[in-house]
Amino acid sequence: MNKAFVYTAISILIYGINLLIPLFMKPSLLFGVRLPVGSEESAFVKDLKRQFRYLISAVFLVYLPVTLVILEYSFSEALFESFIFGQIILYWVVIYYFNRKALRWKSRILKNVPTPNVTLIDTSFRQGRLTISPWWFLIPLGVVLAHFVFVNAEYGQFPQRLAVHYNVMGQADRFVLKSWWAVNRMPLISFGLVLLMAGIFFVIRRAKQEIEASAPETSLRQDRKFRYYWSVYVVSVALMISLYFFYFSYAILRGYFYTWLVWAFPFILVTATIGLALYTGQSGYRLKTDTKASKDTIKAMRDDDRYWIAGIFYCNKNDPALFVEKRIGVGWTINFCNVWAVLIVSAIVFLLLLPLFL
Amino acid sequence: MLISVDFNSETPIYEQLKEQIVMGIASGALKPGEKLPSIRQMAEDLGVNLHTINKAYNQLKADGLLANDRRKGAVVPSLPQKATARQKEELRQKLKPLIAKAICYGLSKKEIQSMCNSLYDQITGGSDE
Chain A
55 MNKAFVYTAI SILIYGINLL IPLFMKPSLL FGVRLPVGSE ESAFVKDLKR
105 QFRYLISAVF LVYLPVTLVI LEYSFSEALF ESFIFGQIIL YWVVIYYFNR
155 KALRWKSRIL KNVPTPNVTL IDTSFRQGRL TISPWWFLIP LGVVLAHFVF
205 VNAEYGQFPQ RLAVHYNVMG QADRFVLKSW WAVNRMPLIS FGLVLLMAGI
255 FFVIRRAKQE IEASAPETSL RQDRKFRYYW SVYVVSVALM ISLYFFYFSY
305 AILRGYFYTW LVWAFPFILV TATIGLALYT GQSGYRLKTD TKASKDTIKA
355 MRDDDRYWIA GIFYCNKNDP ALFVEKRIGV GWTINFCNVW AVLIVSAIVF
405 LLLLPLFL
Chain B
3 MLISVDFNSE TPIYEQLKEQ IVMGIASGAL KPGEKLPSIR QMAEDLGVNL
53 HTINKAYNQL KADGLLANDR RKGAVVPSLP QKATARQKEE LRQKLKPLIA
103 KAICYGLSKK EIQSMCNSLY DQITGGSDE
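Chains as they are written, first to last, in this note's numbering: chain A, 55 to 412; chain B, 3 to 131.
Careful: at least some of the hints might be erroneous.
[As the list claims (entries may be wrong)] The calculated lysine-lysine pairs, modelled on DSS-like cross-linking and capped at a C-alpha distance of 30 Å, are:
(1) A/Lys371 - B/Lys57
(2) B/Lys98 - B/Lys112
(3) B/Lys63 - A/Lys371
(4) A/Lys371 - B/Lys37
(5) B/Lys74 - A/Lys279
(6) A/Lys380 - A/Lys165
(7) B/Lys37 - B/Lys63
(8) B/Lys84 - B/Lys57
(9) A/Lys371 - A/Lys160
(10) B/Lys63 - A/Lys342
(11) A/Lys342 - A/Lys165
(12) B/Lys37 - A/Lys380
(13) A/Lys371 - B/Lys33
(14) B/Lys37 - A/Lys279
(15) A/Lys103 - A/Lys57
(16) A/Lys342 - B/Lys37
(17) B/Lys33 - A/Lys279
(18) A/Lys279 - A/Lys232
(19) A/Lys57 - A/Lys100
[Said to hold, decoys possible] Rough simulated footprint, nothing fancy, chain B against chain A, three-plus residues with beta-carbon under 8 Å:
(20) 175 to 181
(21) 259 to 265
(22) 368 to 374
[Said to hold, decoys possible] If you anchor each label on the Cβ, the simulated ranges turn out as follows:
(23) B/Asp71 - A/Gly182: 15 to 23 Å
(24) B/Thr13 - A/Thr325: 46 to 54 Å
(25) A/Thr343 - B/Glu17: 26 to 34 Å
Since the hints were made in silico from the structure, they are not lab data.
Note that the Cβ used here is the ideal one computed from N, Cα and C, for glycine as well.
Next comes chain A alone, as it looks inside the complex:
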């Protein structure tokens, strides 16, 4: 495998995920804009989604060859990473553009129409099973513990020079002398990532309810199922991470890797994530529930577009909620105007980046 191949593969992956964005969108949202009741099936909505796919594809078809040629002539790892990051930023710009388009369209059709602003909640939403039990985290934590025990028991067997950085091709290119820190780095990072997954698990439990006024019963059950599936996913990912890092320590000790294993992990992770996102959809709107059409539907919608900057960042300083569901894509995000939410997330990011500088 050469660098161009790895770059192309990652680019196609990012492109593919962005191409799928319209499929994740639940019917009541269009590029992060809450749709007026009854306009979900309109021609404009379908057109906009098609235009989005075209523009994303056009950006991809221009960007990939150009950056490939530049990388061919002057390769550096920093450039490689910036180009990957640049592609993501470009798609964000496209998403922002479509978010504005949807907003303008909405304000045009809602002109002179009094808009209600209704939020629905269920008082018993958090009773009963919303996620799997957090005790499942004991399994990945057990693996991390075994990892710690392993590296310290086998300390004498580790080589004098330990790899701490790998290039995009998966080859070690930076080494440090053996020390307690160097040997315990892997289990520490693994521990940090498992804690991060536990944090996401907590977010899934805590995040705001998403009930559609047009179909309260159905959307309520879908939201609950949605959280349950993703909580199982988060625990599974924590387990995979802990095993993967354990294997890394073992491979460092032995002196060589199975390359296929190194690649299998990200491959399985990405496939499973996209697969689950397609299966559930945003707020679980693709999940089947055994509810009959509810009679008490309300012909109204929540009107909170103004708190969503570009449809991506939620900023509402009057909202005590720390975590909310994303409006574009599948998952959750934080309330960027809530001091506590920002502090918690910055602390986590800081702790995760710490091993890079130690």
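With chain A fixed as given, assemble chain B onto it according to the hints.
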């Protein structure tokens, strides 16, 4: 039970909450002993200030329409309650201006009575005598 809050309504949010919780208790949508969300959780789900929920819960507790459980927090009290003389007087005072308004609108005694009857049946599902 589903609670809906209209942010564009002239009725304050804590009033909307109170009305719907009382309606839920009266109609049986909220069962005696049922736990209501904590103040913080309800505030986060609705996206409103904690004080708003606190105010609604406190006023309901003062009226005896919510009880405090040491483990569960706010719970629905058992029904029916025995109305105190003070509660009855309060209801009378609240109803009085409404009936006056109805009279001004030209409703007859019969019409007001039948309105009360049909609302009673609507809330209780017509099952109560």
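Just pull the numbers of the violated hints for me, sorted ascending.
-> 10, 11, 13, 15, 18, 19
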